[in-house]
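*Asks:* Full structure from sequences and hints, please.
These protein sequence lines are chains A and B, in that order. Sequential numbering of the first sequence, starting at 233, is according to my numbering. Sequential numbering of the second sequence, starting at 26, is according to my numbering.
Honestly, the hints are just simulated from the structure, not real lab data. We put the beta carbon where it would ideally sit given N, CA and C, even for glycine.
A short list of chain B residues far from chain A (calculated; beta carbon distances all over 10 angstroms):
1. L121
2. L213
3. Q257
Computed from the model, here is a short list of chain B residues facing chain A with C-beta under 7 angstroms:
4. R149
5. E193
6. A195
7. G196
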Amino acid sequence: MRTGMVVLGGGIGRRIGRPVPKQFLLLGGKPIIIHVLEKVRAIAEIEDVVVTCPASHLEATQQLIENHRLGSRFRCVVGGGTRQESTYLGLEALGDGIDLAIIHEAVRPLVSTDDFRRLIETPDENVIYGIPIPFTVLKGHDHVEGLLERDELVNVQLPQKFDRARLLEAHRAARADGVEFTEDASLFFKYTGEPVRILPGSDVNIKITVPTDTVIAEAIYADLIGRRTR
Amino acid sequence: MGKVCVITGASQGIGRAAAIEMSKREDVDVVVLIARSADGLAGTVSAMGDRAKIHQLPYDLSDLDGIPSLVEDICREHGGIDLLLNVAGYADPRSLLDTTADNLVQTFTINVFAMLILIREMARFSDGRPAKILNVASTAGITPRPGWVAYAASKAAVVSLSATLAEELAGSGIKIYTISPGRTATELRRKLAPDEDPTSIMQPEQVARVIRTLLSDDELTLDGQNIIVRQQL
Ligand SMILES: NC(=O)c1ccc[n+]([C@@H]2O[C@H](COP(=O)([O-])OP(=O)(O)OC[C@H]3O[C@@H](n4cnc5c(N)ncnc54)[C@H](OP(=O)(O)O)[C@@H]3O)[C@@H](O)[C@H]2O)c1
Numbered sequence: 233m234r235t236g237m238v239v240l241g242g243g244i245g246r247r248i249g250r251p252v253p254k255q256f257l258l259l260g261g262k263p264i265i266i267h268v269l270e271k272v273r274a275i276a277e278i279e280d281v282v283v284t285c286p287a288s289h290l291e292a293t294q295q296l297i298e299n300h301r302l303g304s305r306f307r308c309v310v311g312g313g314t315r316q317e318s319t320y321l322g323l324e325a326l327g328d329g330i331d332l333a334i335i336h337e338a339v340r341p342l343v344s345t346d347d348f349r350r351l352i353e354t355p356d357e358n359v360i361y362g363i364p365i366p367f368t369v370l371k372g373h374d375h376v377e378g379l380l381e382r383d384e385l386v387n388v389q390l391p392q393k394f395d396r397a398r399l400l401e402a403h404r405a406a407r408a409d410g411v412e413f414t415e416d417a418s419l420f421f422k423y424t425g426e427p428v429r430i431l432p433g434s435d436v437n438i439k440i441t442v443p444t445d446t447v448i449a450e451a452i453y454a455d456l457i458g459r460r461t462r
Numbered sequence: 026m027g028k029v030c031v032i033t034g035a036s037q038g039i040g041r042a043a044a045i046e047m048s049k050r051e052d053v054d055v056v057v058l059i060a061r062s063a064d065g066l067a068g069t070v071s072a073m074g075d076r077a078k079i080h081q082l083p084y085d086l087s088d089l090d091g092i093p094s095l096v097e098d099i100c101r102e103h104g105g106i107d108l109l110l111n112v113a114g115y116a117d118p119r120s121l122l123d124t125t126a127d128n129l130v131q132t133f134t135i136n137v138f139a140m141l142i143l144i145r146e147m148a149r150f151s152d153g154r155p156a157k158i159l160n161v162a163s164t165a166g167i168t169p170r171p172g173w174v175a176y177a178a179s180k181a182a183v184v185s186l187s188a189t190l191a192e193e194l195a196g197s198g199i200k201i202y203t204i205s206p207g208r209t210a211t212e213l214r215r216k217l218a219p220d221e222d223p224t225s226i227m228q229p230e231q232v233a234r235v236i237r238t239l240l241s242d243d244e245l246t247l248d249g250q251n252i253i254v255r256q257q258l
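*Replies:* Structure below.
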């Protein structure tokens with residue numbers, strides 16, 4: 233089985249409220265997308281890495297890849313208008329002969345090399361990470377509309393691994409239906425019904441979405457590298 | 026496999042003494058010596074013994090554009106760099122009103138910009154390989170030095186860039202060490218204090234022994250800090 237990877241290089245970063253797209257924000261002085269790609273570089277089994285990025289940032293992303301000498305395994309393609317579309321385009325762009333696709337996103341820079349390795353080493357074809365939900369979740373907007381059992385729920389994390397051909401089929405079906413998902417385990421499960429294994433994820437592997445996430449990520453990173461200047 | 030050690034400013038003074046010290050280390054197989062003076066480099070080689078393989082690279086570090094290929098060539102030939110000693114330094118002391126733009130640019134080019142580009146290229150080629158970098162700053166970078174404004178400011182920049190990069194590279198396996206020697210009996214010191222008796226101050230060999238200790242494998246906790254190296258008289 234040959235493994236490739238799609239890295240969702242991100243959009244143009246409206247939600248975080250900064251002029252720089254999130255994937256280029258610096259964490260510990262290094263662009264967050266580079267935190268991800270450097271860890272992937274260490275894993276030879278990942279043969280082909282496609283980074284999806286907005287057309288406006290394609291060149292800047294390619295330049296980063298060059299500056300950090302990540303090598304010829306890494307290449308960029310223009311993503312789509314939505315996350316789902318970008319994943320689809322990335323999956324299609326992976327080289328012929330890639331059977332398993334790992335999906336990750338640039339905005340989870342605190343992923344570890346080991347997180348990728350465990351995915352690869354798990355024999356199941358479709359594997360995701362999940363962590364328990366430590367807070368109460370309810371249905372509703374302005375008013376409570378229903379209860380949810382948090383013991384039955386899981387906080388879905390990336391990276392994830394799927395049978396590439398099956399995931400592509402699922403994506404095509406979702407496109408035909410015009411349905412959008414926030415990540416691929418939901419889409420895959422909905423359209424294939426096939427088992428998706430959940431490995432225990434990590435509290436550290438947070439997703440940078442809102443401005444406070446960058447503050448939290450800096451604190452976690454400082455702790456991980458044992459920074460001493462505070 | 027033994028370590029590859031690159032030393033700038035290796036044609037005389039502290040750089041030469043450091044080259045001699047580093048070549049005594051059992052775990053160092055290759056020492057690459059950089060400075061402009063081929064004669065000076067040859068003089069260093071003749072004092073180094075023949076345990077390690079020595080590669081002399083006469084190069085003018087004011088040619089910043091050539092540094093990337095210089096580093097790439099070293100990495101290709103020797104498989105990478107484990108220890109980089111940024112020792113080269115330039116001083117042309119002038120009072121404020123006598124300082125020229127050329128003096129400022131030359132001082133910062135050798136003492137700061139060349140160092141930064143060497144570090145950048147080494148980091149670019151490191152591929153996650155653990156490595157140590159030692160930058161030579163100066164006590165002039167942390168205390169006032171009337172009459173040496175360009176030099177002192179450039180050494181303050183070395184202290185600052187070293188502290189910043191120690192953090193920025195912390196996750197990459199590259200450690201940065203900074204030393205700030207006090208007065209040391211070398212050519213550069215003679216320019217800064219022509220009337221001083223060189224036998225009354227610290228000798229380059231003493232600084233070199235500090236460098237060797239800092240870069241030993243046992244050393245674990247002195248990176249990222251500006252270490253003052255001063256002789257107690
Ligand atoms: N001596 C002191 O009291 C003292 C105190 C604190 C810090 N330091 C620092 O210690 C370091 C070593 O200085 P030192 O005292 O040993 O002085 P030095 O004897 O004058 O040596 C300076 C070295 O830098 C090299 N260098 C200068 N310009 C260069 C260029 N354009 N390209 C390549 N190499 C160049 C010189 O080689 P070429 O001339 O052959 O090129 C020489 O090998 C310097 O960074 C200095 O600032 C010295």
